[in-house]
Amino acid sequence: MVRRAFSLLLILALAGIFFSILKGWTPMTELSGVARDYVANEKEQLGAMNLVTAIVVTYRGLDTLGEVTVLFLAASGVAVLLRRKRDEAAATVKIKRAASEIVTTGASLLSPFIVMFGAYIFLNGHLSPGGGFQGGAVIASAVLLLFLAHPDYKLKHAVLNIIESFSGFAYVLVGLLGLFLAGGFLDNRFLPLGHFGSLLSAGAIPVIYVLIGLKVGTELATILENMKGRAL
Amino acid sequence: MILGVALVLIGFWGLISRKNMIKMILGLAIAETGLQLIMVTIGYIDGRTAPILDGAVNTLLAVRQVVDPVPQALVLTAIVIGVAVNALMLTFVIRLYQKKQSLNISDYKDLKW
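The listed protein sequences derive, respectively, from chains A and B. For the first sequence, the working numbering begins at 1 and goes up steadily by one. For the second sequence, the working numbering begins at 1001 and goes up steadily by one.
In case anyone wonders, no lab produced these hints; they're calculated from the structure. As the structure is a prediction and not an experimental result, all values here were calculated from the model. Glycine is no exception: its CB is placed at the ideal position from the N, C-alpha and C atoms. Accuracy of the hints is not assured; some may be wrong.
[Unchecked claim] Cut-off 25 Å, straight-line C-alpha distance, at most; resulting in silico cross-link-like pairs (SDA-like, lysine to any residue): (1) 228/A x 1109/B; (2) 1109/B x 1018/B; (3) 23/A x 1042/B; (4) 1019/B x 1001/B; (5) 1019/B x 227/A.
[Claimed, not checked] Covered stretches of chain A (chain B as the covering partner; in silico rule of three or more C-beta atoms under 8 Å from a C-beta of chain B): (6) 32–39; (7) 101–114; (8) 117–126; (9) 148–155.
[Unchecked claim] Partial chain B-side listing against chain A, Cβ under 7 Å, derived: (10) 1006; (11) 1009; (12) 1010; (13) 1015; (14) 1017; (15) 1051; (16) 1068; (17) 1072; (18) 1075; (19) 1076; (20) 1078; (21) 1087; (22) 1088.
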């Protein structure tokens, strides 16, 4: 009871803090400083239609590199913690109930299209809402569907690891190319900006987003497989 | 904005008052969603459109037509980090459960004195 009252008090204090912060808050009516600069000059500087993408990949590219690193660390952490020991692997093999025919048929019918949709999302990241992270998550959802339909489904780890390491390495390499050939680390302008609004435009932004999409997709797929393998 | 604050408060309430570790993680995830909602709301400007320079936006007048893209980019980062953190926390829970066959946080007193 005391515990409950105490936690209620804590929440009320938090609500009070929020209230005092929000009391003086008025909705924005104009873009402020740096945002106005981004919106006004982005078309000439980077040539990407999607401003959020331009900010994520180029203006704040270093942030995104760090973000990819965090995701990689989390995936490695999951893999280390859920690693099967050799003697355990044989012991935990149980007979699992197979998925129903509707699920298996639906999964085999839909998963190629889901992967294609994910690829579409990260290829068009600089033109429309979407991008590498979202596309990668969509691809991982196709993998999840396959796991649901076929409980014994095994991913090819060698292929996944190669794709993941290659795309992480190539991401940094593209950043370094920007450093040497253009204005700075992760600058996208060492490739021609192209025609504004076409698929092959905005310099290196599509390249970077494809790499991020592949990396995120493989990482999330590996996390899913590790969790599936252990949580029996 | 109010919805975001409410979500944050509900999430932290769940984090504090629940004993089941999975429910605590869910509480944290709810609080996270609330924070992201608050951040997007801060960048929202009434009557403007998404920061994508397509047919709906005149590129010369874009500064007056789109909402603030910076908080949206930050929220994108926050969502990805949130996914990573949640995955790692659930992994810890799986490992702990395998050790003691219990999801109750009160059963883990090894770090208490």
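Okay, the hints, checked on the actual structure:
no. : hint            : in the structure
1   : 228/A x 1109/B  : 28 Å, violated
2   : 1109/B x 1018/B : 16 Å, holds
3   : 23/A x 1042/B   : 14 Å, holds
4   : 1019/B x 1001/B : 29 Å, violated
5   : 1019/B x 227/A  : 23 Å, holds
6   : 32–39           : holds (count 6)
7   : 101–114         : violated (count 0)
8   : 117–126         : violated (count 0)
9   : 148–155         : violated (count 0)
10  : 1006            : 9 Å, violated
11  : 1009            : 6 Å, holds
12  : 1010            : 9 Å, violated
13  : 1015            : 9 Å, violated
14  : 1017            : 5 Å, holds
15  : 1051            : 4 Å, holds
16  : 1068            : 5 Å, holds
17  : 1072            : 5 Å, holds
18  : 1075            : 9 Å, violated
19  : 1076            : 6 Å, holds
20  : 1078            : 9 Å, violated
21  : 1087            : 5 Å, holds
22  : 1088            : 5 Å, holds
Violated hints, listed in ascending order, are 1, 4, 7, 8, 9, 10, 12, 13, 18, 20; each of the other numbered hints is respected by the structure.
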